[in-house]
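Peer 1: Protein chains in written order, with my numbering: chain H, 1 to 358; chain P, 1 to 249.
Take the hints with a grain of salt, since some may be wrong.
[As the list claims (entries may be wrong)] Computed footprint of chain P on chain H, listed as stretches where at least three residues anywhere in the stretch have a Cβ under 8 Å from a Cβ of chain P:
id, region
1, 138-148
2, 223-230
3, 234-243
[Unchecked claim] So these bits of chain P aren't anywhere near chain H, every CB distance computed over 10 Å:
id, residue
4, Phe24
5, Ser64
6, Tyr79
7, Arg80
8, Gln87
9, Asp88
10, Leu103
11, Gln108
12, Ala135
13, Asp158
14, Leu171
15, Asp172
16, Val174
17, His178
18, Ala224
19, Asp227
Just so you know, the hints here were simulated from the structure itself, not pulled from any lab data.
All C-beta atoms, glycine included, are put in the ideal place defined by N, C-alpha and C.
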Amino acid sequence: MDENGPSVIPLPRRLRAADIPAAFKEIQAGREEGPVTVDFRGVEDFDSSALALLSYLQACTSDVRVVNISETLDHSFRTFLGGTPPAACPGPDLDLPTRALHSLSNRFLAQMRAVGKFFVLLGDEIYYTFSYITKRKGVYPGEVWNQLFFMSYKSYPITCLLVFLVGVTIALTSAAQLKLYGADIYLADLIGYGMLRELVPLMVGIILAGKVGASIAAELSTMSVLEEVDALKTMGVVPEKFLMVPRLLAVTLAVPFLVVLADAVGIGGGILVARFSLGIAPSSFLREMRTAVDLGDFFIGLEKSIVFGWAVVVGSGYKGLTVGRSAAEVGRATTESVVLSISLIILIDCIFAIILYY
Amino acid sequence: MDIIAVRNLNVGYGSFEVLKNLAFDIPAVCLTAVVGTSGCGKSTLLKTLAGLIPPLEGDVFFRSARVDFQSEASLAALYRGIGVLYQDGALLNNLTLYENVALPVRMQQPGMPEAVLREMVHDRLSQVDLIESAAKYPSELSGGMRKRGALARAIVLDPAVVFCDEPSGGLDPVTSAHLDDLLLSLKETFQMTFVVVTHELRSIEKIADKVLVLHEGRLLLDGALADVHTSDDPFVRTFFLRKADHDDT
């Protein structure tokens with residue numbers, strides 16, 4: 001600040017959109033030092049951006065004084081912006097660390113609110129599912145079967161193909177190593193244990209996230225955007241029950257079907273590699289596998305897969321039902337649902353590993 | 001007798017206030033038009049009256065009972081007495097038109113015999129002239145047909161009040177006029193109350209018994225259609241004269 005009062009910033013003769021950034025930068029730099037007087041005396045050639053700058057500066061009454069506004073400029077200002085209240089004056093920009101802190105804290109709070117909403121939805125879904133099982137009300141008749149058809153019959157080809165390929169890949173990679181130590185036969189133990197307890201549940205979960213979860217999020221978010229969810233509410237229907245419970249029940253029934261098939265083809269892939277890469281007969285493979293795994297391993301994999309399926313449905317449903325009002329948000333919700341579902345699957349898998357092995 | 005009463009209503013999203021200090025009554029068996037420029041809060045008001053957006057302050061009374069937006073029982077009582085026609089119909093795309101109209105009955109009256117339900121749906125679809133399209137999916141219907149189908153769904157359980165969000169929006173004048181006639185006929189025949197959000201002046205002149213004019217979230221006029229023409233308010237006059245500014249000289 002000047003010792004004799006506010007520093008005076010004269011604006012150039014030409015003040016059009018291209019000249020505004022330099023002028024604005026100079027004014028802001030002056031404001032960081034103290035109050036400023038912005039002199040419009042020289043301004044002769046201007047456009048609407050100069051009027052917007054004038055409007056902004058007039059709102060910054062605490063540290064900016066505007067002087068020498070020509071009659072032409074004043075007339076233009078009153079004609080074009082006379083009825084428009086100035087935008088709130090934000091003051092000089094905050095420094096980078098403060099802005100970063102603001103942004104981080106806002107994001108953290110938004111994330112915490114989202115986590116809270118997710119758990120509220122999860123609690124609601126548990127309640128609504130038991131309520132439907134006991135009272136058989138609030139869900140469209142036949143919807144469970146429609147969803148079951150989509151989740152099982154429409155999903156099994158891709159599930160089988162991918163799990164088979166993963167089985168072959170894992171078997172080939174492992175066979176090369178086991179061969180070095182003369183431990184070829186243990187490929188059966190590795191494939192059996194790995195497939196039943198870990199790979200099949202993970203693969204089924206991830207395929208459900210990509211196929212079923214994305215479809216749920218896209219469908220529900222489209223329904224939200226098209227006001228179909230509001231329509232359900234005003235019909236006295238609880239959307240969280242009407243839309244989610246059939247999907248939760250369907251995934252509970254579809255997952256065992258997918259897991260049994262995926263276990264069979266995944267182990268089948270291992271048997272093929274063992275036969276043609278290591279020369280192990282399928283009967284020897286199965287005999288050795290039975291020494292390493294039992295029915296308990298199958299059920300652990302099945303339990304995990306069912307929990308992954310619930311995570312996919314609740315995670316995708318949450319993304320679909322909390323979408324905004326624009327069509328663009330449908331795509332965003334769909335993408336985020338896949339990310340959320342896969343994250344939940346890996347988190348839950350880790351929790352299972354701690355419970356089972358720690 | 002008033003079926004809906006609104007007192008000191010403020011509605012907003014976060015810190016942004018859309019509706020400010022509204023107070024009005026809606027008489028039974030009356031068609032009330034809510035009018036105003038785009039973004040003035042018409043649809044927000046409709047959704048608040050329909051129990052979808054809780055107010056920041058103030059009260060909504062339905063059949064003299066205060067609507068408690070935090071109570072599921074209170075909202076359920078409200079939903080049992082209303083039907084809503086949404087801007088784009090909001091028919092469920094995975095159900096046929098017949099199943100869409102049957103849906104409120106199936107959900108709210110699960111014990112309804114299928115034969116009776118069939119008659120109810122048939123009657124409503126006949127009233128909106130869509131009986132031939134009962135087996136079609138919403139994607140196979142035109143915009144006007146979707147709106148009529150949504151109206152059939154909104155009235156299938158004989159609600160006391162039907163809220164309509166821009167029923168004529170996006171429709172050609174002939175279809176729009178047909179829909180107006182339909183609302184009038186339903187009001188007379190079934191003694192229903194309609195609250196219609198619109199900015200179609202021709203439609204307002206034809207169907208409205210009462211008009212609420214909103215501007216920037218405030219209620220500028222609450223009166224009969226005749227009051228609109230005698231209003232001194234510059235905005236009301238310019239709105240109904242279809243002028244771009246508020247100068248009524």
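Peer 1: Hint by hint, note whether the structure agrees.
Peer 2: Verification of the supplied hints:
1. Beta-carbon proximity to chain P at under 8 Å applies to 3 residues in the region 138-148 of chain H; the threshold of 3 is reached and the given coverage holds.
2. Look at the region 223-230 of chain H against chain P: 5 of its residues bring a Cβ nearer than 8 Å to a Cβ of that chain, three or more, so the hint holds.
3. A count of 5 residues in the region 234-243 of chain H with a Cβ less than 8 Å from any Cβ of chain P is obtained; the coverage claim is therefore met, three being the minimum.
4. With a cut of 10 Å on Cβ distances, Phe24/P stays outside the contact zone with chain H, its closest approach being about 21 Å.
5. A cut-off of 10 Å between C-beta atoms confirms that Ser64/P is not in contact with chain H; the least separation is 20 Å.
6. Against the 10 Å criterion, Tyr79/P falls within the reach of chain H, whose nearest CB is about 4 Å from its own CB.
7. Residue placement check: Arg80/P does not keep its beta carbon more than 10 Å from all beta carbons of chain H (closest about 6 Å).
8. A beta-carbon of chain H is positioned within 10 Å of the beta-carbon of Gln87/P; the least distance is around 7 Å.
9. Here Asp88/P does not stay apart from chain H, with its beta-carbon only about 6 Å from theirs, under the 10 Å limit.
10. Consistency note on Leu103/P: stated as away from chain H, yet its beta-carbon is not over 10 Å from all of that chain's, at 7 Å minimum.
11. Not every C-beta of chain H lies more than 10 Å from that of Gln108/P, the closest at about 5 Å, which undercuts listing it as non-interface.
12. Remark: the non-interface label on Ala135/P is consistent with the geometry, its nearest Cβ contact in chain H lying 16 Å away (cut-off 10 Å).
13. Every Cβ of chain H is farther than 10 Å from the Cβ of Asp158/P; the closest lies at roughly 14 Å, confirming the non-interface assignment.
14. Residue-level check passed: Leu171/P sits 17 Å from the nearest beta carbon of chain H, beyond 10 Å.
15. Look at Asp172/P: its CB is around 22 Å from the nearest CB on chain H, clear of 10 Å, so calling it non-interface holds up.
16. For Val174/P, the requirement that its beta carbon stay farther than 10 Å from each beta carbon of chain H is met, with the minimum near 25 Å.
17. Non-interface call for His178/P relative to chain H: holds, since the shortest CB-CB distance, roughly 22 Å, exceeds 10 Å.
18. No Cβ of chain H comes within 10 Å of the Cβ of Ala224/P; the nearest lies about 28 Å off, and the non-interface call holds.
19. Asp227/P, annotated as away from the interface, keeps every beta carbon of chain H farther than 10 Å; the closest lies near 27 Å.
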